[in-house]
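Novice: Chain by chain, the residues run as shown.
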Amino acid sequence: MRIEILLGLIAPLLLGAHIGRHAAGERVAVADPMLTCSAGPEYYRIDLVSTRKLPGTYAASGFVDVQYARSPFGVALSPTGQYVYDFDVKLADVKAQPKGHYVVWLATPTLQDVQHVGPLSAQFEVSGQVTFNKFLVVVSLEQDGYDTARWTGPIAFRGLSRSGKMHTSIGHGLFQDEPCVQYGFN
Amino acid sequence: MVSFRTSLVCSMALTDTFDSKYLDMPVFLSRRTTRLGFTLIVMALSLAISSPSAVAQNQSEKPDSTRVDHSKMDHSKMDHEKMDHGAMSGSDRVSADSADAVNPSGMDHSAMDHGMMDHSMMGPSSGGELAWRMPPMDMSMPMTPGMMRMLPTTSPFLPGDGVDVSSLPMAMPSQVVRMADGDTLQLEAGLVRRTIAGREYVMYGYNNQYPGPLIRVDKGATVVVDFTNRIDQATTIHWHGLRLDNRFDGVPGVTQAAVQTGQHFTYEVYFPDEGVYWYHPHVREDIQQDLGLYGNMLVDPLSTGYYSPVNREEALILDDILVDGGGIFPYGESQPVNVLMGRFGNVMLANGSDNYRMEVRRDDVVRFYLTNVANTRTFNVTFGGARAKVVASDVSRYEHEVWVQSVPIAPAERYIVEVQFDKPGDIAITNSIQAIDHFRGEFYPHVDTLAMVSVSSTAASPDLTESFSKLREYPAVTEDVERFRKYFDRPPDHRLELTLNHRNLPIETVRMMEIDTLYVPPMEWNDAMPMMNWQSSGNEVTWILRDLDTGSENMDIHWSFRKGEVTKIRIFNDPKSFHPMHHPIHVHGQRYLVLSIDGVPNENLVWKDTAIVPVGSTMDLLVDMTNPGEWMMHCHIAEHLQAGMMLSFSVSDTGVSDHDSQ
Ligand SMILES: [Cu+2]
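Here the protein sequences come in this chain order: Z and E.
Position 34 (the first sequence) corresponds to 34 in our numbering; numbering is contiguous.
Position 441 (the second sequence) corresponds to 627 in our numbering; numbering is contiguous.
Hints are not guaranteed to be accurate.
Stated by the list, open to error - Below 20 Å or equal to it, Euclidean Cα-Cα: the simulated EDC-like pairs (lysine to aspartate or glutamate) are:
#, chain 1, residue 1, chain 2, residue 2
1, Z, 165, E, 628
2, Z, 134, E, 628
3, E, 749, E, 839
Note that these hints are calculated values from the structure, not bench results.
Since this is a predicted model, take the numbers as computed values, not measurements.
Between the sequences and the hints, there should be enough to build the whole structure, so can you do that?
Specialist: Take a look at the structure:
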């Protein structure tokens, strides 16, 4: 694991900081030194891994922070029983491309359903909501007038929801120290 | 390890293509997988004798075509009644791990005649007494070979041992009992006959009713309940959610001695808050509550306009029960079984019926008072796409109403939901979930019908569409909550961790639990590992509330508060424990606010007494300690509670006059 990613993951824990959401719906950092036992959002955090296909992304790191969407029931569910998550995509140490912009997509593992989240902001951030059981996060480089149905440009980063790591015991090894790590899913 | 893996792979192959022809052709399978093939056949038999309707549902609701096709199985030769899975009751765990134990008869399974299968090899004869049999389960869930013949380390139990069933009264649907302040209700827990899905069972009931009588009172009333125990176990009644006099909280050994068979206890039940509540035993809930000992209490507001106008009201109690061809699946006698995930039923019940129907007119607005009394199942309740809004939960209304598309409701929670049925026809109230197949590492959609609503084409009168269309705000709730806002950001007074310990579990279970450690679902919506769950009793598993500040666990924890004190409790559900699972945490005799989940503040507050802590999450509760006495805080999954997951706290009468004195 790259040291900056490691630090990126550990730092919020060390600082006891976490991401909150205030009335207007935007994220606010809430410092709470007592929240050191929390796993929640961090536990469901998705690492974004650079494909190292594009200049300016080699040293980049990123993650998708996942929270339950607001719900009167605490746990947010769709009518068909999927969890409804709000998420924030954040990239660090990434350089803007001279042509085109980074666009975030979510897709089911078979790529049957693709959700257009939107372009990353100038701060390399974007937020959205997801109800897929398992999903891939794809950050692609798209040119102006890109097709919003699915990505067409090269993939710069990708990640996998934690639920996506629940895979068949047949296709992969049974235990977490088996191939998953080699696939880049830490 | 290699053979373990091999057997999993082969079982998969078998599952993929399970067809009667394979029963005769296991030649390509290894010795070990032959064994597995056999165990799968036993599972098939077991499933065949389980509830036909449940099986049919499983078939139709699974989109995955690679699952076992039950319809292809030839059941004609099977003599289910002859099956004796066992009689290995008692304290010895019997393992089938050695090759000899696997096939002691030297039976050639390649040419099995199922009608003549000798299941006595699975254990000594039961001599006609109650014996464990395989739990009804989803056919597509393969098991590791060694697990198939393990039995729980506690004896099986069913009520009514030696009772002539025909002598028992036939239970009747629940009746509403309107009670005024000072009124007395005679309430008796007894054995009853119940018919569920066309079969007759011996169950328990309050006043021979299912659910028990619905007690309807005005806020502020106190009623007397003269209780008599006529079931074959000691029992008590807990008045869930009520901030009543501690002496009547119904916790054996804490607030009263358990009421023995034939004995009486007089409860004075006080109703300080509006809303929907429920009563149930606080002794072996996994058995007594599951068998029908539960009822609602509806506390009406004193003021008009507290709720919006509706065309009708419906108290709907949701439950499930586990049955197979042999009847109600046995419970653990000295300890609960299914302690890992709790006991999931395979027949869904609404107000005790597997075929609950209600009739409304087009555009009727119905106020549902929903209560989940299941041992462990959390429902995701849908209303066929009809417009629905949530108005209130356990102990109060929300600050403001919210449109909802479904209502996730954990055991012991209540929600008050208003629904307008605007399309004539039959509408199914369903439980719609994404179940998990751990073996395949897949989610799959699953839908169970809980009740049917028949919507006539006659128009509602009065037409309440206009008032229903508005989401109301409840400033009274906000004002009430306002007094507590100054405590919201303070550090927690107590920190709890939710986890478990295990000992002497079958090695296969321990191994299997290491699978898929990369992802643990936030909630368990289905029993994804019925065998392991069943084989895990209270002898092997202890569920734990751990005080992170003192290290104390469960009943070694004893917190002290003063009346009027406001306390913040932070609960962390450890995702790295041996078997992480969500827990609905219940506090007796007080009310609390869920301030935040994972640091995200809750901006539509409601007073609760039970709330779900998902796996991996941290939940902050603010408890309003208004009610003096010795109280419990516990997980409301019946088997978790029975397996230790509870603590006690006291609230002294020397009150805090003002919250500022904290
Ligand atoms: Cu629990």
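Novice: Output the indices of the hints that this structure fails to meet, ascending.
Specialist: The structure breaks none of the hints.
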